[in-house]
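In the order they appear, the protein sequences are chains A, B and C.
Using my numbering, read the first sequence as starting at 105 and increasing by one per residue.
Using my numbering, read the second sequence as starting at 58 and increasing by one per residue.
Using my numbering, read the third sequence as starting at 18 and increasing by one per residue.
Hints in this document: simulated from the structure, not taken from any laboratory.
Any given hint could turn out to be false.
Computed from the model, here is a short list of chain B residues facing chain C with C-beta under 7 Å [stated by the list, open to error]:
id : residue
1  : 62
2  : 65
3  : 67
4  : 71
5  : 74
6  : 76
7  : 326
8  : 333
9  : 335
10 : 336
11 : 339
12 : 342
13 : 427
14 : 428
15 : 431
Quick caveat, the model's predicted, so the values are computed rather than measured.
All C-beta atoms in this analysis are idealised placements derived from N, C-alpha and C, irrespective of residue type, glycine included.
The residues making up each chain are set out below.
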Amino acid sequence: MLRPAILALLFASTLTSVIIAAAALFGAHLLRRWDLRSGGEGQLRLERRTYLVSTAVGLALAVQAVSLLLFVYNADRMAELFVGAMCAVGTLNVNAYGFPALQVRIALFFLAAVWLVMNHVDSRGYDYPLTRAKYALLLGLAPLALLQLYLEWRYFLGLNPDVITSCCGSLFSAEAEAVTADLAAIEPRLAMGLFALSGVAVIAAALFNRRADGRHGLLLGGLGAIWFVVTLVAVIAFVSPYVYEHPHHHCPFCLLKPEYGYVGYLLYLPLFSATVMALGVAAVRPFAAVPSVSGVIARLSRRLSTAAAVLNAGVVLIVGIIVATSNLMLLE
Amino acid sequence: MFWGRQRYLIDFALSSLWRRKGRHLLLLVVYTLVVAALASVMLFTEALKGEARQLLAGTPEVVIQRMVAGRHDLVPEQYLERIGRVRGVRKKAGRLWGYYYDPTVAANYTLMVPPERHIAEGSVVVGEGIARARGASVGDVLALRSSVGEVFPFRIDAILSAESELVSADLMLVSEVDFRRFFHFPAGHYTDLVLEVANPREVRKVAEKIALALPDSRPILREEILRTYASLFDWREGLVLTALLGAVFAFGIFAWDRAAGLSAEERREIGVLKAVGWETSDVIALKLWEGALVSLCAFLLGYLLAYLHVFTFSAGALTPLLKGWAVLYPQFTLAPQVDLFQLATLFLITVVPYTAAILIPLWQAAVADPDAVMR
Amino acid sequence: MIELIDVKKAFNHHRPNEHWAVNGVSLTLEGNRLTVFQGPSGSGKTTLLTLIGCLARPTSGRVRLDGKDVSGFPERFLTEIRRGTFGFVFQQYHLLRGISVLENVMLPGYPAAPRYGTLRRRALELLERFELAHKAHAKVEWLSGGESQRVAIARALINDPAVVIADEPTAHLDTALAKGFLTIAEELRAQGKTLMISSHDPLVCEAPIVDRLVRLRDGRLAESA
């Protein structure tokens, strides 16, 4: 299937993979040769190349963010091409590679963002204390980037218009036999409780971490990751039905459509940003004892924790407004 | 601090671009043309898809054709009763339409009996394309030679509005009596039958039942036509874009070459900046801002050009490539639309390749030795 | 105070055309002095200035700035230190063509991003001080040699550095202008700045304001006065 958006996405994935694979190769070289004490030309060359790597990974992250959005958008737009598909869920379900491709995309997005947070801290310590950890992480990112490319190729090449796919109605309906269906079948009362509880926990952890200059970074990171998952579950379990005002419409993608005032962006953008921040704070926490960057990490942790608290409070607020203003009643 | 610095850098980037506007002009022109070409294709196909969607929105959900020996044949009136009462069908009717080849302008017309509009005998309503081709206007008489050789004079009652001319250009609406006489169309027969189905989810069920009731018929679903149209347009668009990707690639090499071929003066300038206290990442940021500003200009200009090309000048350069199944090229104006999805796609296949292409040369320039100016 | 301990700098290290521009210099330079590095061309005085001014890292040896070892610092931090501590006046002045005198003077201030008004005022004050206020909005290619050098000095002072490094400052000046430069140097010295000048011009080397003369030959100290 030849669509401009598919061409663009495959190009984006190829570019990301090439950048990250090349950066990882350089990382492997650097891990063997890195010697800060030397002012020799070899070390100078290595240090200079790190500028290229940070800029290129920055570009890869930007491309990844735009293409993540485009990937979901494109899946939604392609719905008219498949029998049974009404939105992104249907097209992602056309073959077995759609959802894995999306999940790997999201994972890669988060890891690339965390890498840039580490890079930011590293470049502020005169002894480059995070360099080894940073490049080791990059070595781990490379297979993920290649996996993303592979899944996406398989997904787009395997788009067969004759397939009758199932859409959000069946995937997220409580009767279907899938994990997603289990999520949809969660008692709204339970999901709301879970959502409220972890929301309070993550905001409290962020504020706590801010006052402690980042000493509880790992806690915030862990809670942030849980919160991310819980919020997605909550979207499927009760936020979506409230938005659509339909008790059996659980789709997390239709929220992005203009029919629903693009409310999905209001929800997902702060959620993704706050998760990046929480994970970033946790990733640099192990280096907080290094004298050259301890001040930088404390300052950064305070800033990111504040931002994460505000953004997550925004998520809670938006969900609250959705629930309060909806005409649907899930709870008696 | 961060934004303060970026403001200084943007300011300086603007002044650097301005100082070397001659050097950047060629790049900007090529860049703009690349964006304009890609954007034209995308805007045009999207508009065509929109037209098709709009057009089909008014058509019935199911069309039933009768097949004889695998060929499309006329449908006897009785079929309407044989369908009987199928659940979910709101309305059923027979349609009369056909094609007529007009040798004087070497074009095919679509003759049709409109189901809702009443047309008096001897009159005709024609599409803009026919009116243009024959140089006729309202009140004129259109003389057509029928299938048995007699000449039929039709008085033009009205000309269809140009709103969705893509479809109505070659349309000719006549009365049922005229239609049957003109074509010697057997009485009691229709070209095909149409059904309106209330609930779109039941369309497939309805089609299955009809296939059972009328074994020699072929139901055609609107959603299927829509899907075929959409993938056909997508496929054509993709084909043209793939061809254009070669141009994007060439442009990438051009941009790389431009970025790598810095003049001695520019190299000296970077050296001076580094010597007086600019850091490598400041220089990289400066160059990225320059690239971003160039991209912004090229993107906006290119998109604007494409917009004008498609919506004001009716995509003159693309018509033969993407449209064309009729001889009567409609001179239609497409409904303008700007779409975030499209912009993101366009961004990924123009700005991102450009940025990727200049990345390495830009870095090479930025890591110049700060002590070079002292040597 | 700047200390150099057995500092060496090689170009094309480990290659057949290897060249040791500075080959084992140990030196302590006091603050608030005017030091002149003297030697024939190719003696390594300019390279030594780049090492002192944190423009380059030594291949081996240590550079200490106020007791802090900066020789192992990566470029990013050397740049930060350099920006705050050193101002440079290059032999060719190296002003950027096509932009105004004022912008040239302000350029080194951009990365630290002070408020625009503050930076501009500081630049105008410096231009005033060097009698160039009327040329603030002129392009640098219209300036004479002496004016260009004074713009370069103003640019070196914009970040208020403790040390001003000048490479062959009188090479392109006639005697009157060279004397003018020495007057400025004396003023800066009186203000408490440290000056380091490389030169083989006798007018400079024998000037009474020079506190210390360091002689170099083949990348080593010849003798210190």
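Problem set entry | Hints violated by the structure (numbers, ascending) | 3, 4, 5 and 12
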